Amino acid sequence: MRSRTVSQPAMSFEYIMWMFTRISGLALLFLGFIGLVMALIMNARNLLDMPTLTRWTFFPNPNHVVNSNIPDVSQGWANAYWQIMEMVIALFGISHGFNGLRVVIEDFIGNTFWQPMIRGVIFLMWLFFIIIAFYVILAS
Amino acid sequence: MKVTVKILRYNPEKDKRPRYRTYHVEAEPTDRVLDVLEKIKGYQDGSLSFRRSCAHGICGSCAMRINGMNRLACKTLIKDLHSDKIVIEPLLGLPLMKDLIVDMKPFFEHYQSVKPYLINDEPPPLTERLQSPEERERFDDTTKCILCAACTTSCPSFWSNGQYVGPAAIVNAHRFIFDSRDRGAAERLRILSDQFGVYRCHTIFNCTLACPRDIQITKAIGEVKRAIATGSLD
Amino acid sequence: MNKHQYEVIVVGAGGAGLMAALNASKTAVTAVISKLYPTRSHTGTAQGGIGAALGNLEEDHPEWHTYDTVKGSDYLGDQDAIEFMCQEAVPAVYELEHMGLPFSRTPDGRIAQRPFGGHTNNVTGKPVRRSCYAADRTGHMILQTLYQQCIKNNVQFFDEFQVLDLLIVNGVAQGVVAIELATSEIHIFHANAVIFATGGFGRIWKITSNAYSLTGDGVAIALRRGIPLEDMEFFQFHPTGIYKLGILITEGVRGEGGVLVNDKGERFMEHYAPHAKDLASRDVVSRAMYLEVRDGRGINGKDYLYLDVRPETVNKYATLDGRTRPDGTPYQVTGEEILQKLPDIIDFCRTYLGVDPIEQPMPVQPTAHYAMGGIPTNIYGQVVLDENNTILPGFYAAGESACVSVHGANRLGTNSLVDILVFGKHAGIHAAQYARGAQFQTLPQDAADFARQQLDRFLNNDKGTEKISDIAEEMKITMMDHVGVFRTEEGMNVALNKIRELKQRYWNIKLDDNGKVFNTDLLNAWELGNLLDLAEVTTASALARKESRGAHAREDFPKRDDKNWLKHTLAWLKDGEIHLRYKPVVITKYQPKERVY
Numbered sequence: 001m002r003s004r005t006v007s008q009p010a011m012s013f014e015y016i017m018w019m020f021t022r023i024s025g026l027a028l029l030f031l032g033f034i035g036l037v038m039a040l041i042m043n044a045r046n047l048l049d050m051p052t053l054t055r056w057t058f059f060p061n062p063n064h065v066v067n068s069n070i071p072d073v074s075q076g077w078a079n080a081y082w083q084i085m086e087m088v089i090a091l092f093g094i095s096h097g098f099n100g101l102r103v104v105i106e107d108f109i110g111n112t113f114w115q116p117m118i119r120g121v122i123f124l125m126w127l128f129f130i131i132i133a134f135y136v137i138l139a140s
Numbered sequence: 001m002k003v004t005v006k007i008l009r010y011n012p013e014k015d016k017r018p019r020y021r022t023y024h025v026e027a028e029p030t031d032r033v034l035d036v037l038e039k040i041k042g043y044q045d046g047s048l049s050f051r052r053s054c055a056h057g058i059c060g061s062c063a064m065r066i067n068g069m070n071r072l073a074c075k076t077l078i079k080d081l082h083s084d085k086i087v088i089e090p091l092l093g094l095p096l097m098k099d100l101i102v103d104m105k106p107f108f109e110h111y112q113s114v115k116p117y118l119i120n121d122e123p124p125p126l127t128e129r130l131q132s133p134e135e136r137e138r139f140d141d142t143t144k145c146i147l148c149a150a151c152t153t154s155c156p157s158f159w160s161n162g163q164y165v166g167p168a169a170i171v172n173a174h175r176f177i178f179d180s181r182d183r184g185a186a187e188r189l190r191i192l193s194d195q196f197g198v199y200r201c202h203t204i205f206n207c208t209l210a211c212p213r214d215i216q217i218t219k220a221i222g223e224v225k226r227a228i229a230t231g232s233l234d
Numbered sequence: 001m002n003k004h005q006y007e008v009i010v011v012g013a014g015g016a017g018l019m020a021a022l023n024a025s026k027t028a029v030t031a032v033i034s035k036l037y038p039t040r041s042h043t044g045t046a047q048g049g050i051g052a053a054l055g056n057l058e059e060d061h062p063e064w065h066t067y068d069t070v071k072g073s074d075y076l077g078d079q080d081a082i083e084f085m086c087q088e089a090v091p092a093v094y095e096l097e098h099m100g101l102p103f104s105r106t107p108d109g110r111i112a113q114r115p116f117g118g119h120t121n122n123v124t125g126k127p128v129r130r131s132c133y134a135a136d137r138t139g140h141m142i143l144q145t146l147y148q149q150c151i152k153n154n155v156q157f158f159d160e161f162q163v164l165d166l167l168i169v170n171g172v173a174q175g176v177v178a179i180e181l182a183t184s185e186i187h188i189f190h191a192n193a194v195i196f197a198t199g200g201f202g203r204i205w206k207i208t209s210n211a212y213s214l215t216g217d218g219v220a221i222a223l224r225r226g227i228p229l230e231d232m233e234f235f236q237f238h239p240t241g242i243y244k245l246g247i248l249i250t251e252g253v254r255g256e257g258g259v260l261v262n263d264k265g266e267r268f269m270e271h272y273a274p275h276a277k278d279l280a281s282r283d284v285v286s287r288a289m290y291l292e293v294r295d296g297r298g299i300n301g302k303d304y305l306y307l308d309v310r311p312e313t314v315n316k317y318a319t320l321d322g323r324t325r326p327d328g329t330p331y332q333v334t335g336e337e338i339l340q341k342l343p344d345i346i347d348f349c350r351t352y353l354g355v356d357p358i359e360q361p362m363p364v365q366p367t368a369h370y371a372m373g374g375i376p377t378n379i380y381g382q383v384v385l386d387e388n389n390t391i392l393p394g395f396y397a398a399g400e401s402a403c404v405s406v407h408g409a410n411r412l413g414t415n416s417l418v419d420i421l422v423f424g425k426h427a428g429i430h431a432a433q434y435a436r437g438a439q440f441q442t443l444p445q446d447a448a449d450f451a452r453q454q455l456d457r458f459l460n461n462d463k464g465t466e467k468i469s470d471i472a473e474e475m476k477i478t479m480m481d482h483v484g485v486f487r488t489e490e491g492m493n494v495a496l497n498k499i500r501e502l503k504q505r506y507w508n509i510k511l512d513d514n515g516k517v518f519n520t521d522l523l524n525a526w527e528l529g530n531l532l533d534l535a536e537v538t539t540a541s542a543l544a545r546k547e548s549r550g551a552h553a554r555e556d557f558p559k560r561d562d563k564n565w566l567k568h569t570l571a572w573l574k575d576g577e578i579h580l581r582y583k584p585v586v587i588t589k590y591q592p593k594e595r596v597y
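Residue numbers (our numbering), protein chains in the order written: chain V, 1 to 140; chain H, 1 to 234; chain F, 1 to 597.
Pulled out of the complex, with its shape left as it was, chain V reads as follows (with noise of 0.2 Å):
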């Protein structure tokens, strides 16, 4: 059977978010294996409890582990590797989210009068949401 394709591939901006959805479902799973990873390097089975570990896991603010043998940890956020890290994880679980309650919405409201209306406030809050995060972790 010869191979068939199609010859203008179809790029909505529907497909674009069902896609992210899933890349970026996929990436926060990965980020956050990366982070417990990380703690547990860094000595956290001794130094943390479970709840702490997990609230790591996605969160890894270095404030949580103390152990002086790892220099940068102790730095905090001040650290880029942290920062970028965690910027990452807060995009890509925002927007997951904020995408999630649109998805939600419009499968009620569809193409009437307010989906514009309500694409614009959800695309605000997202917005706010990553400027007040990006900010924590910056200036912390």
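These are computed hints drawn from the structure, not numbers from a lab. Heads up, some of the hints might be wrong.
Derived pair list, reagent style DSS-like, types lysine-lysine, alpha-carbon separation capped at 30 Å [as the list claims (entries may be wrong)]:
# : chain 1 : residue 1 : chain 2 : residue 2
1 : F       : LYS467    : H       : LYS85
2 : H       : LYS79     : H       : LYS144
3 : F       : LYS152    : H       : LYS115
4 : F       : LYS498    : F       : LYS463
The structure presented is a predicted model; accordingly, all values stated were derived computationally and were not measured.
Please build the complex by placing chains H and F on the supplied structure of chain V, with the hints as guidance.
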């Protein structure tokens, strides 16, 4: 055996809203629900209105809710219901016109919107266009669709928003997208990748459960999603 | 009053109607009026395939197809029309494939064909692979494909409109009167050409394969407008309908190797049709089954027989018959292969009988299936009014509701799908051409009155005492008993009197529904009127024909009588009386001879 049949009736000229009426009928366990409806219409209440034609599961006229599930009345035997109490209601999600008759226009409009016909402007050969048995098998499942609307009217996404094209439309688009003789896949995928296309499907699976032809609908929708993502039509 | 004007109106949206509409709409402004959504039409239930001499798997010629059809019709078919149909069948099939129909395929990618009853290689006399099929859903695929093409070409549809009457002004057809089912509003469709493709009328009989909607509407409307009906006594009883339900089990099952057995387990068709055996012509098989049952060899002494398509049975008889595959290897099947080739049949049996055909035999009995007779036309679909083939300008008919006649006294399997495609197409082309050149006549003010009267007499008839179902049931049982597979003078007289009695009681029907929205009660009453008229014409035509030919079999006149009866029946219904006249059969190449399978 004696069967109790509760039917949701609605006469737009007399009723403000639909109401249940109960009938008692003598029926064999091997009788179809359609036979029971015909008995009630013929001998108890001639005003009972429902669509039916072939009476053996091919034309798709008699899709309705029977004991809560979307089924074809002519393919459901009384013994399949494992009960002597039957509740019959019209399909959900489409405007109710009378008794068990719903307005099928929105359903057919969605069907027509996905260009459900062969698109191939290449001049055809004198005889048939060739197609191998494997290529024919590729889209065999979705050729079975009888446009009964059982799938679309069982889909919660369609209930929430009737602008969603619905599983039936996507199945019929799939039938052409994966037909090796068709050249219109790009147009159809573009239509289906917009807001009311495949992305309103959240893999709830009600459609696959409801389909009287046992078409693997959710799988077909998934294949269309994959075709949009990868561009490959294999 | 709603008025519409079109050049061509097609009534009926099955295979013939859609084919006509597709072709007419290419050059004329066309609309299709149907009482059902088009995809609900009965064409969709056809299982077997389209007979066309493509010769994809073995040698075949349209001339052989022609001879088989002429013989199958018991020499009553008009041979010029049959020749035309068989020649046109080949391009029609290719055209369908180009439209997208998903035929089953041979290993080298061409349209697959299988053997079918009555279709033979004229040199060897053995069954030939002529039926082009799409699994066992050929009819469904044709209906879908044609509807899809109509959508592509923006054909105008009026769905769920019931046509009630044909308008004839100054001797030419000028349109139809219809009722919109959703509102009970009357619509007048003014047109220069009207094509009727409304299907058959199996609902006259108790056990039938026909849908509820097949009540012979177009045929009855034509009858009421003084147009004669041709060959009404010839109604085919398909041998294999599911016991009691009448649901059709395709002849294709026997094509794939299934055999009919009686209570003793014998393959009784060997005695009745030594060459073709189970693939003999349908009327031969139905009669054989009837005789077996009458002689007490029905299963458990009852009135049904078994159709056995279990792999072990198929293989046993395939070996005995010396049947081979196209490549020469012996024909042996597995359950898997049968399942793959006949999925819908397997589904019916499992659903309705709780029987798995691969494990158990299926209970079957003859079922009222196909109307060979109908509105008389020439090969262009133009309706003719008498034995001289006088045309009624602007009125066309195609499909089962028409009688060209290509099926004569008995139709071969797979020929109906060819019929609807070929004659639907030509009726559409011819009607469009005629309509574009014709003048619209002014419609009289009371154009809709005749139609209205037929409905008004039932609405608010408080003095009525009869129920639709009672009258219908009595008609169906009488017809099944006396005007079925085998007929006698005495029986048919009983039936005729009964029908006439029922027609009187018909005026006393009391409806439960006098509303305007989807008044299916009123619709059923009107349809019953059609069935009663057609039952009367069928019985009267059958009573008059004192011979047995094709599907019309009389115990009191068991032989075919070419000397006196090689002619078509034309029946008029005027002022409550039936008038019969006769039309000669067109014979070109094949002189009638004894019909042996």
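Check whether the Cα positions of LYS152/F and LYS115/H lie no farther apart than 30 Å.
Holds, because 8 Å separates the two Cα atoms, which is no more than 30 Å.
Straight-line Cα separation of LYS467/F and LYS85/H no greater than 30 Å?
holds, 27 Å
Holds or violated: LYS79/H with LYS144/H, Cα cutoff 30 Å?
Holds, because 26 Å separates the two Cα atoms, which is no more than 30 Å.
Are the Cα atoms of LYS498/F and LYS463/F separated by 30 Å or less?
Given that 30 Å is the threshold and the Cα spacing comes to 23 Å, the pair holds.
Violation of the numbered hints given earlier is absent; every hint is satisfied by the structure.
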